[in-house]
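The residues making up each chain are set out below.
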Amino acid sequence: MDGIHDLGGRHGFGPIHHPDDEPVFHSDWEKTVLVMFPAMAMAGAFNLDEFRHGMEQIPPHDYITARYYEHWIDSMIHYGVDRGIFDADELERRIQHYRDNPDEQLPPSSKPEMVETLKGLIASGDDYHRPNDEPAKFATGDRVTVVDGPSLGHTRRAGYVRGRTGTIATLHGSYVYPDTNAMGEGEGSEYVYTVEFAGEELWGDEGANTTIYIDLWEPYLLPA
Amino acid sequence: MTTPAEAPNSGGHTDGFPSQGPHPVAGTFPRSDAEVAARVKAMESILVEKNLIASDAIDYMSSVFENEVGPHLGAKATARAWVDPEFKLLLLADATAACHQIDIGGIQGEEMIVLENTEDVHNIVVCTLCSCYPWPVLGLPPNWYKYPAYRARTVRDPRGVMAEFGFDPGPDVEVKVWDSSAELRYWVLPRRPEGTEGWGEEELAALVTRDSLIGLTDVSVPE
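As you go down the protein sequences, you meet chains L and V in turn. Going by the working numbering, the first sequence opens with residue 404, and the numbers climb by one from there. Going by the working numbering, the second sequence opens with residue 4, and the numbers climb by one from there.
For the record, the hints were derived by calculation from the structure and aren't laboratory data. Keep in mind that the hints are not guaranteed to be accurate.
[Claimed, not checked] In silico contact screen, one side only, chain V against chain L (beta carbon under 10 Å); selected entries:
{"no.": "1", "residue": "38"}
{"no.": "2", "residue": "39"}
{"no.": "3", "residue": "41"}
{"no.": "4", "residue": "42"}
{"no.": "5", "residue": "54"}
{"no.": "6", "residue": "66"}
{"no.": "7", "residue": "124"}
{"no.": "8", "residue": "147"}
{"no.": "9", "residue": "154"}
{"no.": "10", "residue": "184"}
{"no.": "11", "residue": "187"}
{"no.": "12", "residue": "214"}
[What the hints assert, rightly or not] To spell it out: a stretch of chain L is covered by chain V in this simulated footprint if at least three of its residues, at any positions, have a beta carbon under 8 Å from a beta carbon of chain V; those stretches are:
{"no.": "13", "region": "416 to 430"}
{"no.": "14", "region": "491 to 500"}
{"no.": "15", "region": "527 to 539"}
{"no.": "16", "region": "609 to 617"}
[Unchecked claim] Here are the simulated SDA-like cross-link-like pairs (lysine to any residue), alpha carbons at most 20 Å apart as the crow flies:
{"no.": "17", "chain 1": "V", "residue 1": "53", "chain 2": "L", "residue 2": "519"}
{"no.": "18", "chain 1": "V", "residue 1": "149", "chain 2": "L", "residue 2": "418"}
{"no.": "19", "chain 1": "V", "residue 1": "149", "chain 2": "L", "residue 2": "421"}
{"no.": "20", "chain 1": "V", "residue 1": "53", "chain 2": "L", "residue 2": "444"}
{"no.": "21", "chain 1": "V", "residue 1": "79", "chain 2": "V", "residue 2": "68"}
{"no.": "22", "chain 1": "L", "residue 1": "522", "chain 2": "V", "residue 2": "113"}
Beta carbons are placed, not taken as given, at the ideal position from N, Cα and C, and that holds for glycine.
Modelling step: build the complete structure from the supplied sequences, incorporating the hints.
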């Protein structure tokens, strides 16, 4: 979708606020939200691409102004309700309960097997490679143009490179395809390339002496 | 005015992108920390009852990223590359394998690529579409990396962004911007500062900052 999340090159956001002493977690609830991501993913609530697509569908004014982890919360609730993990009315009832009783804490709980699973996940992560029987269409040095036009679902075909022409810098192999994986259409498997763009191609004179590299899946690319 | 209570997150799927009418995700965002905390407690209480999460798991994973995994690991790999040419070669050829040699790697860094700064080239990393960041070497990203200004501006005005962090790569240096839009995770090998000949790895690592590993600054010796 052509949402507000597709921020590359947009004007008007002003200076970057970068305090030197930013903590890893700003509030305790952020710790919970971080771990709800693997917990809910393992429960089948969403895959990574669905999770991102959920965040993209947050209303633009909220997307821009919300705290970062609020994006996560809303995508989690969206898919959690959709997949039957959360009952919307029950969730709302409990939110109201904790609004009315802000000092009430959840009792400690224990799930040792999940701690073990998380140890493995943190150490090894996930593998997004998928086999592909077809040969890659492009090779290093090939000139390619990024498919122009709108996106109706989820995509990583960033707006600022659509319709622009660059050069294949690296072929990385074949991976889960976000455009189908986020939309319930299967993981797919498509080659990913790092594509190099001259700054002038994207930004005119403003881009002088700058090169931009972005990773793009094969279906996003046409021979130039 | 709509309050959060009147706008439960109960939207279903939509076909295509949302246009007019109710948004498929969320309604009005909660704004106060207390409101968000209530929301998260409600979610957690349901997930605990369904045996999908527990407080010890939350404590464990958050503690790893609060206390164990952070920019000191990227600094360690950088210092090793500065003193060990073979390690540097491997780091630039296969960063994931090189980092694995010194017990660095894992989630959100399953496939890492290291970009070498030189006299002629300065690299900087961004994720314009979300918040992709090499967790194993830098930990969790700071808010500014995930917020709109950095994501919007870095691909277009990297020098202006660096200037706000107090760094000027110089007019003749080519700036390379890396937008991590897939599952590859990029970070920067800064140049070893002059005047550090003969320094040990730990001393060198202490000079390396998070911002230099993202490419916002260089590494310098404090005066």
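Hint by hint, here is what the structure shows:
1. 38: holds (7 Å)
2. 39: holds (6 Å)
3. 41: This interface hint holds because 4 Å falls under the 10 Å limit.
4. 42: holds (5 Å)
5. 54: Holds: closest Cβ of chain L sits about 7 Å from residue 54 of chain V, inside 10 Å.
6. 66: holds (9 Å)
7. 124: Check passed: Cβ of residue 124 of chain V comes within 9 Å of chain L, closer than 10 Å.
8. 147: With a minimum Cβ separation of about 4 Å from chain L (threshold 10 Å), the hint on residue 147 of chain V holds.
9. 154: With a closest approach of 4 Å, the residue 154 of chain V hint holds.
10. 184: Since the shortest Cβ distance to chain L is 5 Å, the answer is holds.
11. 187: With a closest approach of 6 Å, the residue 187 of chain V hint holds.
12. 214: holds (8 Å)
13. 416 to 430: Answer holds; 11 residues pass the 8 Å Cβ test.
14. 491 to 500: Satisfied; 9 residues make the cut.
15. 527 to 539: holds (count 5)
16. 609 to 617: holds (count 8)
17. V/53 <-> L/519: Given pair residue 53 of chain V, residue 519 of chain L holds - Cα atoms ~18 Å apart, limit 20 Å.
18. V/149 <-> L/418: Holds, at about 14 Å.
19. V/149 <-> L/421: holds (11 Å)
20. V/53 <-> L/444: Judged against 20 Å, a Cα distance of about 14 Å means the pair holds.
21. V/79 <-> V/68: Measuring from Cα to Cα gives roughly 17 Å; hence the hint holds.
22. L/522 <-> V/113: holds (15 Å)
This entry satisfies every hint, going by the numbered hints stated previously.
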